[in-house]
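Participant: Each chain, letter by letter, is given below.
Protein chains: 2
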Amino acid sequence: MSLLAVGSIAFDSIRTPYGDVQEILGGSATFFSITASWFTSVSVVAVVGEDFGEEQFKVFRQRSIDTRGVEQVPGRTFRWKGEYAGDMNQAHTLDTQLNVFESFVPKIPTAYLDSKFLFLGNIVPVLQLNVRQALPNLTASALDTMNYWIQGMPDELAKVLATVEILLINEGEARMLSRVNNLKKAAAIIQKLGPKILVIKRGEHGATLFSGNSIFTVPAFPLDEVFDPTGAGDTFAGGFMGHIARSGDFSDANLRRAAVYGSVMGSFAVEEFGVGRLLRLTPGEIESRYREIKSLTHFDA
Amino acid sequence: MSLLAVGSIAFDSIRTPYGDVQEILGGSATFFSITASWFTSVSVVAVVGEDFGEEQFKVFRQRSIDTRGVEQVPGRTFRWKGEYAGDMNQAHTLDTQLNVFESFVPKIPTAYLDSKFLFLGNIVPVLQLNVRQALPNLTASALDTMNYWIQGMPDELAKVLATVEILLINEGEARMLSRVNNLKKAAAIIQKLGPKILVIKRGEHGATLFSGNSIFTVPAFPLDEVFDPTGAGDTFAGGFMGHIARSGDFSDANLRRAAVYGSVMGSFAVEEFGVGRLLRLTPGEIESRYREIKSLTHFDA
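Note that the protein sequences, when read in sequence, are chains A and B.
Residue numbers for the first sequence follow the working numbering, beginning at 99 and rising by one.
Residue numbers for the second sequence follow the working numbering, beginning at 99 and rising by one.
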C-alpha cells in the first residue's frame with residue numbers, strides 16, 4: 099500500500115577511514131524512499147534548490163518513486179558535511195548549510211492524500227504535526243526525531259508523538275526523551291506518550307522492537323567493512339515501514355519480520371558511500387540477507 | 099565433567115545509582131565458579147588472606163564448589179572499589195588493593211590434575227600459561243584477559259593464547275588485541291592467534307560467538323533494573339563454560355546454547371549486588387530465562 103515519506107533531500111560530503119566523497123545525494127527522505135521502494139510504492143514530500151537537477155531526479159525515477167511532492171525553489175539544496183572515525187558509531191558534523199531546507203513547509207499534493215502509510219523524517223515537530231493532520235485517512239504513521247528537538251521543542255514534539263503509531267529513535271535519544279537510562283523502562287514511558295510500536299536503534303548493535311508488551315531484538319548484520327554509516331537509520335526505517343506497508347499486517351510476528359528487514363536494509367546502506375548499494379540491490383539479495391540474519395540468531399529451544 | 103577455575107577472590111566495595119555496598123564477596127573466580135556450579139562440578143584455585151573466613155568459604159561450600167585449591171596466606175584479601183554511573187556500561191575504579199593477590203602463584207592440588215575443563219580468569223598471562231601447562235589432560239581451556247595485559251605483556255599473552263581453545267573478551271579488548279576496529283575482522287585475526295572459539299562480550303548489547311566460520315549473536319536479557327554490573331563478564335563465562343563442561347559437546351549448535359546460558363546467567367548476576375542472586379537461583383529459573391531469550395530473538399524464516 100502507498101507509503102509517503104516527508105523529510106530532507108541533501109547533498110552530503112563525507113569522510114570515513116575508507117575515503118571521502120563530495121556532495122553526493124543524501125538526506126532522510128532519500129535513504130528512506132529508495133529503501134522502501136524495494137517493498138511498496140513510495141511518494142516523497144521534500145524541498146530542493148535550483149542546483150538539484152535531472153541527474154538526481156533520475157535516481158528517484160529509477161526506483162519508481164513519485165516525486166511530485168519534491169518542491170524545487172530558488173536557492174541551494176541542503177548540504178551536510180560530516181566525518182566518522184574510530185569505531186564509526188558517531189558522526190561528527192563539520193558543516194551544515196540548511197539553505198532551502200531552512201524554510202521548508204511540506205506541501206502534500208492532492209494525489210498523495212489517499213496515502214495509507216506515512217514516514218515523518220527528522221524535521222521540526224510542528225511541521226511533522228501539520229503533515230500528520232493533513233492526512234486523515236492513514237492506517238499508520240511513523241516518526242523519527244533527534245536530540246535537538248527533544249531538548250529544544252519538547253511540547254511540540256509531545257503533540258506530534260501523541261498522533262503517531264510508530265516511533266523510531268536511537269538509544270541515546272530514547273534515554274533523553276524518557277529521562278531514564280534503563281531502555282525497558284524508557285520504552286514503557288515512550289509508549290505512554292503515543293506510539294505503541296517503538297524501535298530503538300542501537301547502531302552496530304542492531305535494534306530493539308517494543309510492540310505492546312512484546313520485546314524483540316535484531317542484531318546488525320556483521321560486515322567485513324562498514325564503509326559509511328550515513329543514512330543507516332533512515333534505511334532501517336525504510337525497510338521496516340516498507341514491509342509494514344506492503345503487508346498491512348500489524349501482528350507481533352509481522353512487526354518482527356519488519357524489524358529484520360530494517361536491519362537487512364541498514365546493512366546494505368553502510369556497504370558504500372551514499373545510496374549506491376541500495377540502488378543496485380535485487381530482491382534475491384534482500385531475501386538472502388534476511389535468511390543470514392535468521393541463521394545468525396538461531397539456537398535450539 | 100570437572101571444571102577448574104583459576105582467578106581472583108576479592109572483597110568488592112561498589113557504588114551504583116541504586117546504592118552502595120562495602121567489602122562484599124567478589125572476584126573473577128567467585129562469580130565464575132558459583133555460576134558454573136549450576137551446570138557441573140567446579141573446583142577453584144585462588145588466594146585469600148587471613149581476613150577470609152568461614153562465612154565466605156561457606157558460600158562456596160553451599161554450591162558444592164571444591165575449594166581445596168583456595169590458598170590462605172598471611173595478609174589481607176584483594177580489595178576492589180568501583181563506581182558505576184549513567185548507563186552503567188563502564189566501571190570507574192576508585193581503589194585497588196592487590197594485597198595477597200599481588201604475589202599469587204596458582205598451585206594446582208593433585209586432586210585437580212584430572213580436570214577436563216579449565217577457565218583462566220583475568221590474571222598475569224605468565225601464570226595463566228603455567229597453569230595451562232600443568233594440566234596436560236584437558237579437553238578444552240578458556241581464557242579471559244584485559245587491556246592491561248594486551249598492552250603491557252603482548253608476548254606473554256600471545257604464548258598463552260596459542261594454547262587455549264576458547265577466548266572470552268569484551269569488544270574494546272578484541273579491537274585492541276587485533277588492532278582492527280571491525281569486529282568480524284578482529285575475530286578472524288584473534289582466531290589465528292589460537293582460540294578457534296571466541297566470545298566477544300558487548301555488555302548490555304549481549305555477545306557474539308565466533309566458532310570456526312559460524313557467527314552467532316545473543317542479546318542481553320532486557321531487565322527493568324541493572325543493579326550492579328560487577329562480575330557480569332565472569333558470570334557469562336561461568337554459564338558458557340558450565341554448559342560446555344556438562345555437555346562435552348563442541349558442535350556449533352551446542353556452543354550457541356552455551357552462549358545463551360552465558361547471557362542468561364549474566365542477566366541474573368546484575369539483578370543484585372554481588373553473588374546474592376546467583377546463590378538463590380533454581381534450575382527452573384535458568385531454563386525459564388533461556389526460553390525468554392528464545393522468544394526475544396525469534397522471528398519467522
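Derived from the structure by calculation, the hints contain no laboratory data.
Note that this is a predicted model, so its numbers are computed, not measured.
Mixed in with the good hints, there may be bad ones.
Note that identical chains are pooled: a pair holds if it fits in a single copy or bridges any two copies.
As the list claims (entries may be wrong) - Below, simulated PhoX-like cross-link-like pairs (lysine-lysine); rule was C-alpha separation at most 25 angstroms, straight line: (1) K282 to K392; (2) K156 to K282; (3) K283 to K392; (4) K214 to K392; (5) K179 to K290; (6) K392 to K156; (7) K214 to K283; (8) K282 to K205; (9) K179 to K283; (10) K179 to K392.
Participant: Does each hint fit the structure? Answer for all of them.
Facilitator: Quick rundown of the hints versus the structure:
1. K282 to K392: both (24 angstroms within a copy, 18 angstroms between copies)
2. K156 to K282: neither (43 angstroms within a copy, 36 angstroms between copies)
3. K283 to K392: Classified as between: cross-chain Cα gap 21 angstroms, same-chain 28 angstroms, threshold 25 angstroms.
4. K214 to K392: neither (30 angstroms within a copy, 34 angstroms between copies)
5. K179 to K290: neither (36 angstroms within a copy, 39 angstroms between copies)
6. K392 to K156: Intra 35 angstroms, inter 45 angstroms, cutoff 25 angstroms: neither.
7. K214 to K283: This pair counts as neither: shortest intra-copy Cα distance 31 angstroms, inter-copy 43 angstroms.
8. K282 to K205: neither (37 angstroms within a copy, 45 angstroms between copies)
9. K179 to K283: neither (35 angstroms within a copy, 28 angstroms between copies)
10. K179 to K392: neither (36 angstroms within a copy, 42 angstroms between copies)
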